[in-house]
Amino acid sequence: MSITNPNKNWWKVPLGKDEKIWSGVIILMILMMGSMTVGWVFTGDQNPPDKFTSISNENFLSTATSENVASKGVFPGKLSNGNTSLDRFTSGDIYLVAQRFTWFAPSSDLNGSTANGVKFKVGLTYRMHLGSIDVLHGFQIVGDNWIISLQVVPGYDYYFDFTPTTTGLFQIICNEFCGIGHHTMLGFLEVVA
Amino acid sequence: MSLINEDEFRVCPKTNFRVFRKAEPLMIANAVVAVLALAIGGVAALIMGIHKMPIRFSFIDNSTYYQVVNIHGINMLILWIVWFEIAAVYFASTAMLNSKMASMRLGWGAFALMLLGTLMLEWTIFFDHPNSTVMFTAYVPLKANPFFYLGYILFAVGVLVAGINFFLTIYQAQKTKSYPHESLPLAVYGVFVAVVIAVQAIINGAIVMILAYLYSYDIIAAPNADFWKQVFWGFGHTAQYINISATAAVWYILINIATGAKPLNEKYSRFAFMGYLLFTVPVATHHLIVDPAYSMPFKLINATLIALALAVPSLIHAFVIPGALERQIREKNHSEGLFSWLRELPWNEPAIPAVIWGILLFGIGGMLGSIQGTYQLNMITHNTLRINAHFHLTVVAGTTMAFMGLAYYFIELIPARKIIGGNLKVIQLHLFALGLAILTLGMFIAGVQGAPRRTATYDYYTSLGVNTFAWQIGLWLLGIGAIITVTGGALFVGLIVISLFFGKKVDKEGSFDSPIPTNVEEEEAHTNKLEAPGSMSIGFVFMIAFIVFYMFTFLVLSRGWKIGVPI
Ligand code: HEM
Ligand SMILES: [Cu+2]
Ligand SMILES: [Cu+2]
Chain C
11 MSITNPNKNW WKVPLGKDEK IWSGVIILMI LMMGSMTVGW VFTGDQNPPD KFTSISNENF
71 LSTATSENVA SKGVFPGKLS NGNTSLDRFT SGDIYLVAQR FTWFAPSSDL NGSTANGVKF
131 KVGLTYRMHL GSIDVLHGFQ IVGDNWIISL QVVPGYDYYF DFTPTTTGLF QIICNEFCGI
191 GHHTMLGFLE VVA
Chain B
30 MSLINEDEFR VCPKTNFRVF RKAEPLMIAN AVVAVLALAI GGVAALIMGI HKMPIRFSFI
90 DNSTYYQVVN IHGINMLILW IVWFEIAAVY FASTAMLNSK MASMRLGWGA FALMLLGTLM
150 LEWTIFFDHP NSTVMFTAYV PLKANPFFYL GYILFAVGVL VAGINFFLTI YQAQKTKSYP
210 HESLPLAVYG VFVAVVIAVQ AIINGAIVMI LAYLYSYDII AAPNADFWKQ VFWGFGHTAQ
270 YINISATAAV WYILINIATG AKPLNEKYSR FAFMGYLLFT VPVATHHLIV DPAYSMPFKL
330 INATLIALAL AVPSLIHAFV IPGALERQIR EKNHSEGLFS WLRELPWNEP AIPAVIWGIL
390 LFGIGGMLGS IQGTYQLNMI THNTLRINAH FHLTVVAGTT MAFMGLAYYF IELIPARKII
450 GGNLKVIQLH LFALGLAILT LGMFIAGVQG APRRTATYDY YTSLGVNTFA WQIGLWLLGI
510 GAIITVTGGA LFVGLIVISL FFGKKVDKEG SFDSPIPTNV EEEEAHTNKL EAPGSMSIGF
570 VFMIAFIVFY MFTFLVLSRG WKIGVPI
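Sequence lines, in order, name chains C and B.
The opening residue of the first sequence carries number 11 in the numbering used here; numbering runs sequentially from there.
The opening residue of the second sequence carries number 30 in the numbering used here; numbering runs sequentially from there.
Hints may contain errors.
Per label pair, the in silico range of CB-to-CB distance [to be verified]: (1) B:K296 to C:T177: 58 to 68 Å; (2) B:I232 to C:T176: 41 to 51 Å; (3) B:H459 to C:T177: 41 to 51 Å; (4) B:V570 to C:S90: 17 to 27 Å; (5) B:V72 to C:G122: 30 to 40 Å; (6) B:D247 to C:S72: 43 to 53 Å.
Below, simulated DSS-like cross-link-like pairs (lysine-lysine); rule was C-alpha separation at most 27 Å, straight line [said to hold, decoys possible]: (7) C:K30 to B:K591; (8) B:K361 to C:K18; (9) C:K88 to B:K591; (10) C:K18 to C:K82; (11) B:K204 to B:K361; (12) B:K204 to C:K22; (13) B:K558 to B:K296; (14) C:K18 to B:K534; (15) C:K61 to B:K591.
Because the hints were derived from the structure by calculation, they are not lab data.
Nothing here was measured: the structure is a model prediction, and the numbers come from that model.
We put the CB at the ideal spot given by N, CA and C, even for glycine.
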């Protein structure tokens, strides 16, 4: 019984037919999941980024500001919703910074205005650098059919290569609680043909 | 059993267990605090549910929403669950082993520490908004009032003291042979595993909370955010395996009380409990799959592959428990049909809806968990509302409902009061389960489309086809589900509190002549037939559904942009 002592030689009782079949089912399921996830690492097109450098918040901001400049193929522009953006129409790096409660792409070329959007060309491969200069934030692109969710952590430059394959204006939101203005933390990403 | 001093014990007239009288007020006190926390968390739940519905009809502004989430998370996940577990831990180690408590002083000392910690937490989260609104996860560099962290620390130390008292009590029961036989009863063994896991969890929790405490006084600089987060989940997720071990133990108790069912195979069930112990440590990493701090092999192996092994024990319990019920009913009633045993279960006992609903919904919650814990799939699920769907199915439908079921028996056994309202207690459980099904479906529907968790409103996301009709269906279901679930929860709190104070007193004093309950040794009948064909068929359907669901989620993932380089 479960609430009193068990049978004397309980450890000698062999597994019954039910338990054996069920164990087989469990093992199959684990194998299925394990091979799916390991297989996807080697063959799939969507894998969580795992490249980063440790960097202080000040250094991240200054690196981002100096790297996002016109000479490297980035120039100030406008998104279709009228917001200021940094446009990058060749492959390469782009920096996005999270700070309560905005997403922005800093650049020394912006003449004092803030870009809270970036614009890309479809099909090119970019290297996006994400970083926070205060608390944890969550980088999430919301689309109709799919989402990407990545954690943005102070003290790290989290970078990854990605290739936008659909055009349109996408909303960047913050999905990690970062303070009471968290729901107002927005940015934009536009992909053009 | 001459060791038992007849003044210090009473005999429970229903079960014949010897109950240590001095431990009773302590158990009741722990359970009462637990139910109070549940009540506070429930009010918060209702407010959140209504605020989330897509109509302009809310009691609170967006800033207060975060405070309410904080109050809900801490009161439910930390306070309600842990306080009740401590009551259950004492129950298992004294009443179920006919034993004295090793030290009443430690028992009340733990109570005092936990209560002090609880009050500090409540005080800061209620009266120090927004400063202490950092959620139960409290990720640094967010910085709360120092008393918030101190509350956490005192609470944890109290739990540790209670755990030590538990181990001493088990040791003493073994030494004085207060229960017949050497192996612990299965349910006590499950609780034992839970407490061992708790020790690991508390050590991790103490490290991060002490760091945060020092940081909140600016004695040290902000600790590395991802290091802190990793160790936090060494507490936070490890704690969920305390919960599931305790839940499974309670499930075994409940089916045994209601029908006399034994596990299909003692060894199998014990192995399952052991599994929780072996694999818990690395799973904390699954909270950092989409964080920068680790490389692919580390994340893949710890967060996903080892964590897969943790599904094994739960899958075993989730089959064995309905299987045991099935075998028992078949033997008693000679039921032949594949599912007729389900109908023949004693549905008027609260144990049955608590277990059957619990396992069914817990199973779905486990599927969602396995999906979001998968390395790649985490990228499309992390921090969305579907995470909330997952853990409301596990820690609410599973753990909370099991505890509710147990509470009804506890009140009749320990304070010995009849639960008022006749069958209302059974209706309460059905209502709660139904509400949860709707609530979590709503969370899932909104979350799949990208609705983030811990977010007061989605009104600002106006840029694109988001926050449309399809999101709103999910949010409506969430709100309606919340209203039903909280109604069910309020009914529970009402029934328990009223019964405790005003319920009819039932006979407390049995006779010391009646023997201590012990196992009736039975030959295992060896048949070549399946013992639980009905549960097995349901299990198969579950597994096939899971595989389809899993593959489908990968299909959704594959439609996204190319990200991360394949190696
Ligand atoms: C009584 C019915 C309940 C309802 C209607 C309910 C509803 C909700 C809702 C709507 C949220 C989402 C908050 C957000 O992220 O925006 C939430 C969060 C949460 N709930 Fe519940 N809940 C209930 C019971 C419980 C219980 C019994 C537990 C624990 C055992 C629990 C644990 C949690 C936790 C840990 C969170 C996350 C808090 C955070 O993100 O910090 N809930 N609940
Ligand atoms: Cu943010
Ligand atoms: Cu945020």
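Evaluated hints:
1. B:K296 to C:T177: 58 to 68 Å: Taking Cβ atoms as reference, B:K296 and C:T177 lie about 59 Å apart, which means the hint holds.
2. B:I232 to C:T176: 41 to 51 Å: Holds, at about 47 Å.
3. B:H459 to C:T177: 41 to 51 Å: 50 Å Cβ-Cβ, so the 41 to 51 Å window holds.
4. B:V570 to C:S90: 17 to 27 Å: Check failed, 48 Å falls outside 17 to 27 Å.
5. B:V72 to C:G122: 30 to 40 Å: violated (48 Å)
6. B:D247 to C:S72: 43 to 53 Å: For B:D247 and C:S72 the Cβ distance comes to about 25 Å; the hint is violated.
7. C:K30 to B:K591: violated (42 Å)
8. B:K361 to C:K18: holds (24 Å)
9. C:K88 to B:K591: holds (25 Å)
10. C:K18 to C:K82: violated (77 Å)
11. B:K204 to B:K361: violated (37 Å)
12. B:K204 to C:K22: holds (25 Å)
13. B:K558 to B:K296: holds (20 Å)
14. C:K18 to B:K534: violated (38 Å)
15. C:K61 to B:K591: Distance of about 16 Å is within 27 Å: holds.
Violated hints for the displayed structure, listed by number in ascending order: 4, 5, 6, 7, 10, 11 and 14.
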